[in-house]
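A.B. asks: Starting from the known structure of chain A, fit chain B onto it as the hints suggest.
For reference, the chains in residue letters:
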Amino acid sequence: KQEVTQIPAALSVPEGENLVLNCSFTDSAIYNLQWFRQDPGKGLTSLLLIQSSQREQTSGRLNASLDKSSGRSTLYIAASQPGDSATYLCAADNAGNMLTFGGGTRLMVKP
Amino acid sequence: NAGVMQNPRHLVRRRGQEARLRCSPMKGHSHVYWYRQLPEEGLKFMVYLQKENIIDESGMPKERFSAEFPKEGPSILRIQQVVRGDSAAYFCASSPLGGTGARTDTQYFGPGTRLTVL
Numbered sequence: 001k002q003e004v005t006q007i008p009a010a011l012s013v014p015e016g017e018n019l020v021l022n023c024s025f026t027d028s029a030i031y032n033l034q035w036f037r038q039d040p041g042k043g044l045t046s047l048l049l050i051q052s053s054q055r056e057q058t059s060g061r062l063n064a065s066l067d068k069s070s071g072r073s074t075l076y077i078a079a080s081q082p083g084d085s086a087t088y089l090c091a092a093d094n095a096g097n098m099l100t101f102g103g104g105t106r107l108m109v110k111p
Numbered sequence: 001n002a003g004v005m006q007n008p009r010h011l012v013r014r015r016g017q018e019a020r021l022r023c024s025p026m027k028g029h030s031h032v033y034w035y036r037q038l039p040e041e042g043l044k045f046m047v048y049l050q051k052e053n054i055i056d057e058s059g060m061p062k063e064r065f066s067a068e069f070p071k072e073g074p075s076i077l078r079i080q081q082v083v084r085g086d087s088a089a090y091f092c093a094s095s096p097l098g099g100t101g102a103r104t105d106t107q108y109f110g111p112g113t114r115l116t117v118l
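Chains as they are written, first to last, in this note's numbering: chain A, 1 to 111; chain B, 1 to 118.
To be clear, the hints were calculated from the coordinates, so they are not data collected in a lab.
Warning: the hint list may mix true and false statements.
Chain B stretches covered by chain A per the calculated footprint, using a threshold of three residues with CB under 8 Å from any CB of chain A [claimed, not checked]:
id, segment
1, 44-50
2, 55-66
3, 106-116
Given the structure is predicted, the values throughout are model-derived calculations rather than measurements.
Every residue gets a Cβ at the ideal spot worked out from N, C-alpha and C, and that includes glycine.
Excised from the complex, chain A in its bound form (with noise of 0.2 Å):
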């Protein structure tokens, strides 16, 4: 069974930080790796999508890397924005039926 982990929970920083969100998950027979974002009382949405064979993805200051050898997944914000301010979910696709999802991470970013 999978076990999606993330690590910290909640995380502060300042403007203009750059960031890392760190995912951690039990079984590596993975088609993909999803990461998305949440906004309080809001729905999921998709950042970054990282498949299988894929090492990393790049969007705009985001990036995700994967290896799946050892279970990991990192979130890279670069110069991070008061807007960045969300929940941040990674999600693991074993089955091709449903997400495994982490706990998130809680970020705040202050102007």
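C.D. replies: Okay, now just chain B, sitting in the frame of chain A:
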């Protein structure tokens, strides 16, 4: 192209009543997934449906919960005789492909329905 639509956005029910949550997938998507987010917990998979078929319901509680995705109309998640522990945010997602093999498509999530049981 409208995104995944869910209604109602907020639903209040008293214990013992029925809750019906609706999800309209993105245009061209024939695969629907339901997830539940309990307070202070992560999202948990409930059920995966294609048109007129339940593909995987391994995350559904054994009693009181049911889901359908008819040939016409939205997918419905039905909770009978609700209890306070059912209070949560229920999210629907859709994708254009699904199931076995190397499916690699992103799931697109709706805004969720927040159910409160009094």
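A.B. asks: Of the hints stated earlier, which fail here?
C.D. replies: none
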